[in-house]
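> Residue strings, one per chain:
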Amino acid sequence: MQEFKSYLNQLSDHEFSEVVDFYMEYLQDGGFETYEACVAELGTPKQLARKVLADYSIRLLDAPEKEKATMRSRVQQSTTQVHTIWLIVLAILSTPLTIPLGIAVLATLFAVFVAGAAIVFSIVVTIIALLFAAVVVLGIGIAIIGQSLSTGLFYIGGAIASLGLFLICVPVINWFIRGVIHVTLSFSQWLYSKLNRKNRAEERRDQK
Amino acid sequence: MKKTFIIGVILLIVGGVLLSIGLGKGGLKSVYWDDGLHVDAKVSQSKNIK
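From first to last, the protein sequence lines are chains A and B. Per the working numbering, the first sequence runs over residues 1 to 208. Per the working numbering, the second sequence runs over residues 1001 to 1050.
To be clear, the hints were calculated from the coordinates, so they are not data collected in a lab. Every value quoted in this text rests on a predicted model; they were computed, and no experiment measured them. Note that the Cβ used here is the ideal one computed from N, Cα and C, for glycine as well. There's no promise every hint is true.
If you want the footprint, here are the derived chain B segments under chain A, 3+ residues with CB under 8 Å [claimed, not checked]:
hint, segment
1, 1013-1023
2, 1028-1036
3, 1042-1050
Stretch by stretch, here's where chain B covers chain A in the computed footprint (C-beta under 8 Å, at least three residues) [unchecked claim]:
hint, segment
4, 44-58
5, 167-181
Quick list of the computed label-pair ranges, beta carbon to beta carbon [claimed, not checked]:
hint, chain 1, residue 1, chain 2, residue 2, range
6, A, T79, B, L1023, 42 to 48 Å
7, A, L106, B, L1023, 53 to 59 Å
8, A, P171, B, Y1032, 37 to 43 Å
9, A, Q77, B, F1005, 19 to 25 Å
10, A, L130, B, G1026, 48 to 54 Å
11, B, I1021, A, A143, 14 to 20 Å
12, B, W1033, A, A104, 52 to 58 Å
13, B, Y1032, A, F113, 41 to 47 Å
14, B, V1043, A, A111, 28 to 34 Å
Model the full assembly from the supplied sequences, consistent with the hints where possible.
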């Protein structure tokens, strides 16, 4: 139990005590005295903790709008989503699986994350390259305007216009990156729901 | 976000105007580095061939 508690430091005080009380009560009621009996019932402390963390963060994201309003900004929301994806991955990794299925799941997960990361990375690199080019062209334009007014205006105008275009695109890019994160999250949530079975303790709670 | 968008539109318009003025005055020329930046200058030479 002590080990289980040490893995749950990310939960708020309220959630922490709720989870710990629930499992403590379950193990006492069921008469699981030894460590081995507890592991046989609920899995190792680490497995159980990862499952609990993933379940909690999914529940937090699925929570109605009212609770979502407490998450202040959109950036924070995206950060929470990425964090949830990570917790789900950890939970999936610690779920006992048969080997072929495990390999397939790992390969799929890996592919999805690499694809997601690659898309985000390529967008970021393109933006940096465009910005850099615009700044260089602006510098050239300013340097050359003394020699030829028309060429200087042409270069400066081009640079300013591309900076403007970039600023207009910022919301679109922002929306797109959030979309990629969201899709990755939905996918891992779906995968998690397929793989994750409720442990006996949770089944009993739901029956009540 | 809205502010960014408006600034973007203004920059695009200003840049577009400057670009078209430059283009209208025949400013579409390459710039080379030759001991400092220089605008590409076309030199025409004519020779009489006997």
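> Hint by hint, say whether it matches the structure.
Cross-check of the supplied hints:
Restraint check on the segment 1013-1023 of chain B versus chain A: 11 residues with Cβ-Cβ distances below 8 Å, three needed, restraint holds. Figure legend: the segment 1028-1036 of chain B, annotated as covered by chain A; annotation consistent (3 residues with Cβ-Cβ distances under 8 Å, at least 3 required). Here the segment 1042-1050 of chain B counts 0 residues with a CB under 8 Å from a CB of chain A, which misses the bar of 3, and the coverage is violated. Given a C-beta distance limit of less than 8 Å, the hint that chain B covers the segment 44-58 of chain A is violated, as 0 residues qualify and 3 are needed.
Counting residues of the segment 167-181 of chain A whose beta-carbon sits less than 8 Å from any beta-carbon of chain B gives 6, enough to reach three: the coverage restraint holds. Evaluation of the 42 to 48 Å hint for A/T79 and B/L1023 yields a pass: the beta carbon distance comes to about 45 Å. The supplied range of 53 to 59 Å is met by A/L106 and B/L1023, whose beta-carbon atoms lie about 55 Å from each other. For the pair A/P171 and B/Y1032, the supplied restraint of 37 to 43 Å holds, since their beta-carbon distance comes to about 38 Å.
Between A/Q77 and B/F1005 the Cβ separation comes to about 21 Å, which falls inside the hinted range of 19 to 25 Å. A beta carbon spacing of about 27 Å between A/L130 and B/G1026 contradicts the range 48 to 54 Å that was offered as a hint. In this structure the hint that B/I1021 and A/A143 lie 14 to 20 Å apart at CB holds, the actual value being about 18 Å. Hint check: B/W1033 to A/A104, Cβ distance near 56 Å, so the stated range 52 to 58 Å holds.
For the pair B/Y1032 and A/F113, the supplied restraint of 41 to 47 Å holds, since their beta-carbon distance comes to about 46 Å. A C-beta distance of roughly 58 Å is found between B/V1043 and A/A111, which places it outside the suggested range of 28 to 34 Å.
Checked against the numbered hints given earlier, the structure breaks hints 3, 4, 10 and 14 and satisfies all the rest.
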